[in-house]
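**Student:** Protein chains in written order, with this note's numbering: chain A, 99 to 568; chain B, 99 to 568; chain C, 99 to 568; chain D, 99 to 568.
In short, the hints are calculated from the structure, not lab data. Using N, Cα and C, we set each Cβ at its ideal position, and we do this for glycine too. The hints are all genuine.
On the chain A side, residues computed to face chain C include the following (Cβ under 10 Å):
no., residue
1, M178
2, F338
3, L406
4, Q421
5, A428
6, G435
7, I438
8, N459
9, I464
10, F511
11, Q515
12, T548
13, L549
14, M553
15, E556
16, K558
So the chains spell out like this:
Protein chains: 4
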Amino acid sequence: MIGSAEEYIERLRSYKREIYVLGKKIDNFADHPNIRPTVNAFAYTYELAKTRDEFAPYSDLVGEKVNRLNYMNKTPEDLMARFDYQRELSKRMATCNYRCTGCDAINAIYPATKALDEREGTDYHQRFLKLLKEIQKNDYACTAALTDVKGDRSKRPAEQRDMFLHVVEKREDGIVVSGAKVHQSGAFAADVNFVLPTQTFKQGEEEFAIVFAVMPEDEGVKYIIQNTGVQAKQREDGEFEPGNVKYGDRTTCMVVFDNVFIPWERVFIFEDLKAARDVLNYFAASHRCAGAACKAGFIDSMVGAASLMLKANGLENVAVLQQKIAEMVAVSEGAYGISIGAAAKGYKANDSWQPNQYMANAGKIIGVEGFTKSLVNLIDIAGGIIGTSPSEFDMKGELGEKVSKYMSASEKFTPEQRMKIVKFIEFWATSSHLIGAVHGGGSPAASLITLRFIMDIEDKEKAVKNCLDL
Amino acid sequence: MIGSAEEYIERLRSYKREIYVLGKKIDNFADHPNIRPTVNAFAYTYELAKTRDEFAPYSDLVGEKVNRLNYMNKTPEDLMARFDYQRELSKRMATCNYRCTGCDAINAIYPATKALDEREGTDYHQRFLKLLKEIQKNDYACTAALTDVKGDRSKRPAEQRDMFLHVVEKREDGIVVSGAKVHQSGAFAADVNFVLPTQTFKQGEEEFAIVFAVMPEDEGVKYIIQNTGVQAKQREDGEFEPGNVKYGDRTTCMVVFDNVFIPWERVFIFEDLKAARDVLNYFAASHRCAGAACKAGFIDSMVGAASLMLKANGLENVAVLQQKIAEMVAVSEGAYGISIGAAAKGYKANDSWQPNQYMANAGKIIGVEGFTKSLVNLIDIAGGIIGTSPSEFDMKGELGEKVSKYMSASEKFTPEQRMKIVKFIEFWATSSHLIGAVHGGGSPAASLITLRFIMDIEDKEKAVKNCLDL
Amino acid sequence: MIGSAEEYIERLRSYKREIYVLGKKIDNFADHPNIRPTVNAFAYTYELAKTRDEFAPYSDLVGEKVNRLNYMNKTPEDLMARFDYQRELSKRMATCNYRCTGCDAINAIYPATKALDEREGTDYHQRFLKLLKEIQKNDYACTAALTDVKGDRSKRPAEQRDMFLHVVEKREDGIVVSGAKVHQSGAFAADVNFVLPTQTFKQGEEEFAIVFAVMPEDEGVKYIIQNTGVQAKQREDGEFEPGNVKYGDRTTCMVVFDNVFIPWERVFIFEDLKAARDVLNYFAASHRCAGAACKAGFIDSMVGAASLMLKANGLENVAVLQQKIAEMVAVSEGAYGISIGAAAKGYKANDSWQPNQYMANAGKIIGVEGFTKSLVNLIDIAGGIIGTSPSEFDMKGELGEKVSKYMSASEKFTPEQRMKIVKFIEFWATSSHLIGAVHGGGSPAASLITLRFIMDIEDKEKAVKNCLDL
Amino acid sequence: MIGSAEEYIERLRSYKREIYVLGKKIDNFADHPNIRPTVNAFAYTYELAKTRDEFAPYSDLVGEKVNRLNYMNKTPEDLMARFDYQRELSKRMATCNYRCTGCDAINAIYPATKALDEREGTDYHQRFLKLLKEIQKNDYACTAALTDVKGDRSKRPAEQRDMFLHVVEKREDGIVVSGAKVHQSGAFAADVNFVLPTQTFKQGEEEFAIVFAVMPEDEGVKYIIQNTGVQAKQREDGEFEPGNVKYGDRTTCMVVFDNVFIPWERVFIFEDLKAARDVLNYFAASHRCAGAACKAGFIDSMVGAASLMLKANGLENVAVLQQKIAEMVAVSEGAYGISIGAAAKGYKANDSWQPNQYMANAGKIIGVEGFTKSLVNLIDIAGGIIGTSPSEFDMKGELGEKVSKYMSASEKFTPEQRMKIVKFIEFWATSSHLIGAVHGGGSPAASLITLRFIMDIEDKEKAVKNCLDL
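Produce the complete structure using the sequences and hints provided.
**Tutor:** Put into structure tokens, the structure is as follows:
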């Protein structure tokens, strides 16, 4: 089913969840000012799916069209469509679409459980398919949680057991888990959260090698909403003060698992080191690759903002500034191109189509560099006003007339319009997106380490040896 | 006199000013939560001046020691001491010291008025000296305002007269001016504001070629405080939530001049194109050069934060992360080195010692690149938590114990301490400092244009010609 | 037909051509020491075509398999295979394959002449197909010439007519052309040279808007071989002195057209501004995109060399150096990924499949940056010895034993082997490849200008407007 | 004494030295085509010393004026004058001045031996002063040798003793040493070579901890000239073919010490780990700092070349290209500024004035980045012709008239002049200067490691702690 934004929001309003904002448990979370922008972003994924066929593929599993972000990709074209969707969402919302990690998780758990069952004769894959059907049929919004809080990085997980999500009890009907995850974008506003390991584990650390799905309503699950970046402004009642008032800054949370019971039907990997590693590898490549398409969309949004700002300032004909925009377009198309190349040169893995691992990691590296460069270009183009502007409240306040007058520039834009653009660019420059670009899908260093391990160095040495008759 | 922080604050409390926050005129501005961090920063300049002799030079003009930031530099050593002070303040406060532009203005108006009087037989220089004496004797906090709001950049000033500060009436006892300035860091909390032109002007545009001092109490002067970046958080009552709770984000304002009367004794350049250009050139070189020392101090602060974060995470022995810190140190010392080099290779101009113009502009370019690189390194080192962290309110709230537990890492730091570091780095990544680095002292493009005009290309062509016998 | 290296070389030996080296016309050019490496590179394209099916596609036009570089691409897969071939050749030879421009020309002239005939009712396309059949059947090596010498860039072509290739006479049986082209990689060792315009022209400049094929044997065609970079060393009889002794540095030439007669059957565009622009646009996108794959292959070669050097020095376990190699892999895979993405998201144009223009230009930008970064990494990894090493002649000379001893390092490599690697990296650092990376397919600025013209800025502005309800 | 170029060359012609080029011992080395450009460069240092007073300071040691490069610096001004001299030489010659390392060695051995004698009661310092007097009186050209061949880097020196210069015999009248050094710029054409250790050593490795002076005539000293980069071209008899025909590419050599006897009077440190480390530290800081000034001069030369090329091409009014030149000026002035800053903020050490260590290392990092950026800018500005140009031999050869015609551009330059500029830029792009920029004074990694060890991290942490009340 292709769900609607209304259905999603209605469903959300019916849920009871333990969500904390600024130290207090909140009610009616779906309409809470700190959470509403995230809800809007989720909602927009439903709306956009209706605009283009390739965002709503037909699923054999359920015999109907489903949201592309709940789909298990089988072909290069599937993967390209998914990256197109990703770029489009990022461009249009200037923030996270939140369902991206859910899609990565589905496309990682599917092949990993299939291989696990083949190896061990278990039935994890069937359990997963059962949930996946439900997800596809109801167009549930899914997210995924990887990063454990980790505590002291100089210690192994077992030395500080509770800093990593782990099994505290194995029961007949399921397992009980404890620990905490961070960086969970939008988990509090999803229907389903997949839980995956944050790293590979060694023998003796099996208790951490687990994969399962948690429902936000499950007892003992607690969400603590971030309070960073432009977040605080969200609470204002201003119309355009936070810059991206509709969709807001990427909003994550810490998820505490306080002895949470997970029935076996939602456990997909249980204390299996290899399968946990598989799932992590699939997820990482998928998420880094989607991240490149996401950065492309973000840069698109910055390009649009830069162009509007030049026009609002009467500077649209200055060649050197237009060239700076072209530089931004180059990195946007470059990052997107890599994700598409990764889809085209991907590989089959247990029915699924996975992105090319080299390019997935290259996409991460070039995406971060491109995002940073674009952000600095955008700031340069926009002028100092994006860091010093009065507020909409000033424009409507006691000195409103004067503020409006002095905020005006090109006659093609009203002062309000120009200020909205200023605040939008201020949002880009001061939101948590730069942090997200660096750390989303793991740090650049993580991608370089992956490349070190997978690069076929012998092939390249051989080419040189042939050249030199060595 | 070397004033004290207490005296400055007391003085501030005695002033009546027209200051607007979020559209409303405020009372008791010196203690207003949005303004208090700026006041703290000004206050700290007084405290630090007492710690090192070279921050409190002896002034012949008044026959006593004065604050280095109110001093007119006469030697290379003066300029070096000024840059040392600048770096130290930036490092210790992680924000603007606000008196920097005042110092630049003093060192620009002095030689420009001296030359003007010699050329025209006027007495502007004496007027200026009279005010300067008062400033030095009372250790007044001074700032300077350059940037006009500018309106539509495709038009000349005369086509949109009121978008540039200009003379509306010339009277026997003074002049009346109107217009608005933006990007005025801390002007609302200073004793004296110098007002300088934002650009050079052509014949027929003399009405804009003016330099004067305004007292914030003058009738018709209105300050509209910015509402950007982490500004909004300032209003919280959190102890460390805004990251840099004591000194805050750089706080600027729009200054509206609503037919403000300026007596002749505070007018230092009146409708003189050449003198206005001189003052602008002196100011720009001085401010860009101070900006390089300032970026060095900012990077120092980031270096300190990065090192503390590694320790708090138990990662202090990871070589590749330590190397990233060393890269930050390299750009900090590089930017600082350029400012010192500019002082050493400066030049005498009408009694004053001015920084080397080539290096001043090079310092701007390399300072921006270094700041950006350092910021990305800092984000990379610190981890994603700086963009996703719960708040101090969560740590003190209903789930406080759990939040504390899961925010803890190395035993050498309490969870509160670690969170303070997290929030401080979040501040660096999401404040307006990146914008300030790009645009403070003018955009990088402005420095490149200056270099194009001053570079001695013939000397370099000649060297090549000699090499090639051309 | 898939030709053999032997056939190609034999054919070459049978040709009579006017080729000049160091001011003198040479004989037996195919075996001349300055030209032999280029011949080897051409020859290797024949050898490699036999190793993988996708390098030898079936051509409907001639009803047999043909070399991928003589093929007109019809599908995304065709284009991907071409880029795979390109990368492989660059990786294996560490230099130009020389047939790349021929392939770009075929894929540009084909759709442009088809459109031209449809528009004008002419038969240029049939003429072209006739030659293309011959090329495919005989597996001729083709190159293409674009860049005119241009003279004084501040003048239009008509003001310095002879600095641009142009029509000097239109006859019944053909045309007579005059002028000169530069940067012609390998033209002197090809079977066929396509001649294309270097830029777009305005009305009144039709004489320059021509496309045709020249045979190097045509009377009046003169090739002047470059004498740059490591070229001079080619003349030594040393075995490994020039670093890349087999395939050499990219070798170009100036081609002088001294009143050359071209029969109509080899004229494909005659004084048609639009068709000339079409051909230029197709060529530019194709060549920039192939350039990204080429840079990937070059970086692969550098990666192989870096890895061998670390092993030869006993440094293969130093993590920070391995990370530098991973950075190189990231840009190689990134540039390659963009070219593949461009193939996947290309478009149909008059039967041909053309690469996505956005990505083609992005690939150029990111390819240059990546190449430069990789080169600096390679130099850094390799150590100063690559700029200071004695020669093979020293190793074989009077002090041979000592030189061998002091050039030795890890026991896994003989001193000769280590020196070969040193000289190969010296080749990378001092050959003309960096210049080629910057200027091949036009300068980065040319790509940015193209992006400025084709970027869909409205789409991006619209996304922002929707975000902001503008 | 301020010697003259003639005296230096005459002296050189009188020496008997064992010098090998391409495997053969040569005679009349001073006039050998591969060595002559180096001799010209040395000679120019004598000429330039006569043009400016600060290049010829008065030495108390000998009671007369001496060449700045043989002077022991006592004040910040001394060091600044030295860096000015360095920049000027690099700018004017576009290559190494070769005496730079000699100057670094003098300024490192002086304070280190003074401290050593104070600590141990030895008389090394007096020995050194005796030689220094001779050097100053005769204006001898000095160079210094650091880098040992090193062999397998995974082994300690003692495991491959002969790969490091070491003591093989201690005699009453002196010591006998054996081993080999590489990267020795111009050593073969100097009067005196100082020999310093390449690294610090541990206890038990004392045999390597030695410092002495060798005369190139000493028995057993063998110089093997490099054969890299544009070196091979030097042998041509063309007037401007090698691009920088007068001064050539930086020419280094391998120096083999085949049981060389060094009398005690020329031994300055003998098997003392601490003193050897001191000398290395002083040398490294001094050389890295001089390297920053040197890069500034190199970039100046590139700036001159870029400007001439634009004029020769008729492109001097294109703003975007002029901006690229301004970017080069920014990094030139930045690197120079850091070296001047390092002089100003240096420190006194046993009578000598040493550069600030932070800035010395920062100068290295920023110098390399700036050099690379400038080189790419230069290539971009100059156009592809610098990688594809015919030679002067073509211009004078059979097709001379045509080549001249097609190489011509702006009428302000003859074709010969334009080609000289082309070849000069080709020289910058294909010489070993990029390698030299990366590795001269040690790799960038070495500077970062130094910064890690010397950075005052506590001071920076403390500033943050104060900010946060930690």
